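For chain R, the structure is supplied; the task is to place chain W on it using the hints.
From first to last, the protein sequence lines stand for chains R and W. Per the numbering used here, the very first residue in the first sequence carries number 1; after that it's consecutive. Per the numbering used here, the very first residue in the second sequence carries number 1; after that it's consecutive.
Read the hints as simulated data drawn from the structure, not as lab findings.
DEER-style ranges, computed between Cβ atoms:
{"hint": "1", "chain 1": "W", "residue 1": "Gln97", "chain 2": "R", "residue 2": "Lys105", "range": "43 to 53 Å"}
{"hint": "2", "chain 1": "R", "residue 1": "Pro26", "chain 2": "W", "residue 2": "Phe81", "range": "50 to 60 Å"}
{"hint": "3", "chain 1": "R", "residue 1": "Tyr222", "chain 2": "W", "residue 2": "His100", "range": "47 to 57 Å"}
Bear in mind the structure is a predicted one, so any value in this text is a computation, not a measurement. Positions of the beta carbon are idealized from the N, C-alpha and C atoms, including for glycine.
Each chain, written out:
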Amino acid sequence: MIKITNLRKSYNGVDAVKIDHLELHPGEVIGLVGNNGAGKTTLFRLLLDLIRRNEGEILSKGNSITQSEDWKSYTAAYIDEGFLIDYLTPEEFFYFVGKLNQLSKADVDDFLSSYHVFFDEAILNKGKYIRDFSKGNQFKIGIIAALLGNPELLILDEPFANLDPSTQLRLVDMIKSMAMERKMCIIVSSHDINHVSEVSSRILLMEKGSIIKDIVGGESAYAEMVDYFKIR
Amino acid sequence: MNLSVFLNHQWLNFWRARNANKSLAIQIILGVFYFLIFIEIAAIGIALPFLLKEKMPNINPISIYTSYLIYYFLIGLLARFQLQELPSISIQPYLSQNVHRIYMLRFLNVRSLFHYINFLPLFVFIPFIIIVVAPSYGPTAAFCFFIALFSLVINNHFLNMYIKRKTINNAWFFFAVLVFIAALKGLDYLKILSFEKASSSLFITILNYPILCLIPVAMAIVIFIKNNQYLKSHLYIEELVSENKKKESKNFTFLNRLGDIGEMIALDLKLIFRNKRPKSLVVLSAVLLLYGFLFYPKYLATGNYSMLFFFALMITGIFISNYGQFLFSWQSSHFDGMMTYNTNMHQYIKAKFSLFLTVCSLQFLIASFYGLMSWRLLPIQLAAYLYCVGVNSFVTIYVSTFNYRYLDLRKSASMNFQGIGAMQWLQSLIITFGPALVFYLLDHFAGFWYAVLGVSLPGVAGLVFHESIINWLVSQFKIRKHKILEGFRER
Numbered sequence: 001m002i003k004i005t006n007l008r009k010s011y012n013g014v015d016a017v018k019i020d021h022l023e024l025h026p027g028e029v030i031g032l033v034g035n036n037g038a039g040k041t042t043l044f045r046l047l048l049d050l051i052r053r054n055e056g057e058i059l060s061k062g063n064s065i066t067q068s069e070d071w072k073s074y075t076a077a078y079i080d081e082g083f084l085i086d087y088l089t090p091e092e093f094f095y096f097v098g099k100l101n102q103l104s105k106a107d108v109d110d111f112l113s114s115y116h117v118f119f120d121e122a123i124l125n126k127g128k129y130i131r132d133f134s135k136g137n138q139f140k141i142g143i144i145a146a147l148l149g150n151p152e153l154l155i156l157d158e159p160f161a162n163l164d165p166s167t168q169l170r171l172v173d174m175i176k177s178m179a180m181e182r183k184m185c186i187i188v189s190s191h192d193i194n195h196v197s198e199v200s201s202r203i204l205l206m207e208k209g210s211i212i213k214d215i216v217g218g219e220s221a222y223a224e225m226v227d228y229f230k231i232r
Numbered sequence: 001m002n003l004s005v006f007l008n009h010q011w012l013n014f015w016r017a018r019n020a021n022k023s024l025a026i027q028i029i030l031g032v033f034y035f036l037i038f039i040e041i042a043a044i045g046i047a048l049p050f051l052l053k054e055k056m057p058n059i060n061p062i063s064i065y066t067s068y069l070i071y072y073f074l075i076g077l078l079a080r081f082q083l084q085e086l087p088s089i090s091i092q093p094y095l096s097q098n099v100h101r102i103y104m105l106r107f108l109n110v111r112s113l114f115h116y117i118n119f120l121p122l123f124v125f126i127p128f129i130i131i132v133v134a135p136s137y138g139p140t141a142a143f144c145f146f147i148a149l150f151s152l153v154i155n156n157h158f159l160n161m162y163i164k165r166k167t168i169n170n171a172w173f174f175f176a177v178l179v180f181i182a183a184l185k186g187l188d189y190l191k192i193l194s195f196e197k198a199s200s201s202l203f204i205t206i207l208n209y210p211i212l213c214l215i216p217v218a219m220a221i222v223i224f225i226k227n228n229q230y231l232k233s234h235l236y237i238e239e240l241v242s243e244n245k246k247k248e249s250k251n252f253t254f255l256n257r258l259g260d261i262g263e264m265i266a267l268d269l270k271l272i273f274r275n276k277r278p279k280s281l282v283v284l285s286a287v288l289l290l291y292g293f294l295f296y297p298k299y300l301a302t303g304n305y306s307m308l309f310f311f312a313l314m315i316t317g318i319f320i321s322n323y324g325q326f327l328f329s330w331q332s333s334h335f336d337g338m339m340t341y342n343t344n345m346h347q348y349i350k351a352k353f354s355l356f357l358t359v360c361s362l363q364f365l366i367a368s369f370y371g372l373m374s375w376r377l378l379p380i381q382l383a384a385y386l387y388c389v390g391v392n393s394f395v396t397i398y399v400s401t402f403n404y405r406y407l408d409l410r411k412s413a414s415m416n417f418q419g420i421g422a423m424q425w426l427q428s429l430i431i432t433f434g435p436a437l438v439f440y441l442l443d444h445f446a447g448f449w450y451a452v453l454g455v456s457l458p459g460v461a462g463l464v465f466h467e468s469i470i471n472w473l474v475s476q477f478k479i480r481k482h483k484i485l486e487g488f489r490e491r
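Excised from the complex, chain R in its bound form (with noise of 0.2 Å):
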């Protein structure tokens, strides 16, 4: 799915990521930990071209990212309100979205009724724009904004943190249930190594830019991440 070689991206002189050699494949839960200012964002700013690198290469299913914009057909990401259009209401940008992915309006309608749930009725027809909903349910309209094109790669940057409880857990299952299923590939970052260590059949640990630990995600990885992060 992903392939970087020698990736490094520095800012004033300091490496704000470094990775020699990393492979994602399909049907990966990857959980990125690591304590702030370690690179997790910066990665996935890379992944998405955002941020123009100073080395090295990211391929994505064999094309260079930066070449070709082939990736954007089946990547999706919810990184920060910067991936909002927040004077829309959250129909309006499902539609956008979704037009965008040659889904019409009765595809997205069929989309958003099979995710009520996940919604828990607090996002639609309420007579707002984005800008004016919750943190945490402007995370709900972007995560399922990413879902909408049905992508094989999906970038998720610190999920857990902005969700009420009940709509964490139910993203756990939704993440672990597509990534079997629809043999997705998901890169969910997080400081809750709890959650992690459970959404994960990978985990990725980073520190000052570089991928310190490529373990296996479980209950030893949960013990192994204890382990590191106590000491620091």
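Here is chain W on its own, set in the frame of chain R:
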């Protein structure tokens, strides 16, 4: 915690705001610009008494001056609706601090007084009072007269804020006042009732009995207290910011046929109509359509075709230069999203061009009614239109790829220089004065039709080769894409 601490914070906020870190050149240009405005207004204030004496030597200048004051204050109130904003958000961080509410109220009210609209009248009042009023009525009366006028300014200031806070729909009130002023003026004009005379005798009474200046002072105090009372019971963030209407989803069905590009245009239209700053710019463009009535007759009479062409450029192309100066910056708050949604840059740029083409064509069609004034205007406006869509639109898109400044959509447009850089000044020079000069030269040396043809041709060429031009623009955009993104992320 007293008022000076709040004001000090505001002062720091002003100088440390992100867009205060503009390049020195821009700051100097802006400084000169402000300075010129102030000088001009002061010059008007000083010249006014002499002008009045010269033009109407038989009539006492004071009685003329005072007869218009009623209109001055009414129109001032109207202008305030548009130009003045409620200072509400700035108290947010203090609400949870150990600060008495009464201090915050005072701060809100005092802070709001620091607005250029309250200082400008002084430049008109003071010279007149010193030059004309003081010699004939004496310094005490002149001073009281000044106090009265200034109190009325303050009165207008707080009245406007009070109305703005109370009424949700300012637009209706705006039009009500507008109609009211028109009605007064109409009655004056038809000599049914003379409000000018009433205004004049009212203010001259104050000059004769200076103690009466306490009445406007009292009015100002009353409205100030009213404001305080209202604020005191409504000092919650959600209540300070008006507007709680239910928003409706809209769908521009006529754009659906254009596919993804139509969707992008619809997005731009929603952006314009749902955000303060682009909305006021576009309303301005619509008002500019009326410029023809003001300027065309004059230059038609003298046969000055290049000036006609210059104004035709403004009338048909104002949307391109007004909206286009921040083409990508309008979307700066969600540009990360725009660059990751499932659409490509070619489509994105093409949608911008299509938007220009659509609106510009609309402006051209409406402006064609000026053809009733003289048939000459039709070829002139056609040439201007072709130049605008075929050349200016592309130039504007190209220049926009150099604009890396974030823009806050919710701030109002007047005197707002956020996001303006040297490029914008240069751009407006290129797209209006350049073609006007070409037209002038061709008209002068070759003749009218050569001039029309001369500026139309590049426009037609631009339209014919629009695909390849767009491809080139996309490559330019790609080169600077990361820089734009980085700039927009810096708020």
